[in-house]
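Engineer: Now for the letters of each chain:
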Amino acid sequence: DAGVIQSPRHEVTEMGQEVTLRCKPISGHNSLFWYRQTMMRGLELLIYFNNNVPIDDSGMPEDRFSAKMPNASFSTLKIQPSEPRDSAVYFCASTLGDKQTQYFGPGTRLLVL
Amino acid sequence: AQSVTQLDSQVPVFEEAPVELRCNYSSSVSVYLFWYVQYPNQGLQLLLKYLSGSTLVKGINGFEAEFNKSQTSFHLRKPSVHISDTAEYFCAVRASNSGYALNFGKGTSLLVTP
Chain A
1 DAGVIQSPRH EVTEMGQEVT LRCKPISGHN SLFWYRQTMM RGLELLIYFN
51 NNVPIDDSGM PEDRFSAKMP NASFSTLKIQ PSEPRDSAVY FCASTLGDKQ
101 TQYFGPGTRL LVL
Chain B
1001 AQSVTQLDSQ VPVFEEAPVE LRCNYSSSVS VYLFWYVQYP NQGLQLLLKY
1051 LSGSTLVKGI NGFEAEFNKS QTSFHLRKPS VHISDTAEYF CAVRASNSGY
1101 ALNFGKGTSL LVTP
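Those protein sequence lines, which keep their order, are chains A and B.
Following this note's numbering, the numbering of the first sequence begins with 1 at its first residue and continues without gaps.
Following this note's numbering, the numbering of the second sequence begins with 1001 at its first residue and continues without gaps.
Worth flagging that the hints you see were computed from the coordinates, not collected in a lab.
A couple of the hints might just be wrong.
Covered by chain A, according to a simulated footprint, are these stretches of chain B (three or more residues, beta-carbon under 8 Å) [claimed, not checked]: (1) 1058-1064; (2) 1096-1110.
Here are the computed lysine to any residue pairs in the SDA-like style, where the Cα-Cα straight-line distance is at most 25 Å [claimed, not checked]: (3) B/K1069 / B/F1014; (4) B/K1106 / A/A72; (5) A/K78 / A/D63; (6) A/K68 / A/G42; (7) B/K1069 / B/E1015; (8) A/K24 / A/N71; (9) A/K68 / B/N1103; (10) B/K1049 / A/Q100; (11) A/K68 / A/D86; (12) B/K1106 / A/N71; (13) B/K1069 / A/N71; (14) B/K1058 / A/D63; (15) B/K1049 / A/G97; (16) B/K1106 / B/H1075; (17) A/K68 / B/F1014.
Under 10 Å between C-beta atoms, here's a sample of chain B residues computed to sit facing chain A [claimed, not checked]: (18) F1014; (19) Y1025; (20) S1028; (21) S1030; (22) F1034; (23) Q1038; (24) G1043; (25) A1092.
In this text, a Cβ means the ideal position worked out from N, Cα and C, and glycines have one as well.
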């Protein structure tokens, strides 16, 4: 099992540019989560999907952030336009079922200059 | 809503000494509780979880935690730590009756020295 796959692992961009983060959940998992980790705010849930449908996006910071899950094996988190305060590590996690473990990907370290 | 407080941001400890990392939660409904570990530059890995049943939960790498409903706590313990246990530890909570999303604490940095 390859685990949750995230790409890119590192991203450096300039303010105002569009950033797209990608996630491939574990095969067969039906729930997917996007988290953001910063020193100041810790781990925050941005959005989660169940069976490809967004269930709770209340953690998405503002309209500059959007997430999609076009199929069960792929999700994207897009920031447009990016700002320096978006610099963080973004994690994707997936799980199957109610009481199951959430498995985390290695994260994407984003730096916006 | 559910929330978690990890009382210690950093815990230094000598190798082979016991350690306890504290976690308190707040919720008006029954909860599931989790401890995750994050090694440098890696994602989070589940150490253990409490869903129901026995309040003493054993996890990987010799860790255990005890669910105390009256004190709303879920402290993590290990009787003898190793250098390799140096990492960030996160307590997380979710309501047992709604949604799958976890609310994480701010984390506790465990530093094990010789």
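Engineer: Which earlier hints turn out false for this structure, listed by number in ascending order?
Structural biologist: 1, 3, 4, 7, 12, 13, 14, 17, 18, 19, 20, 21
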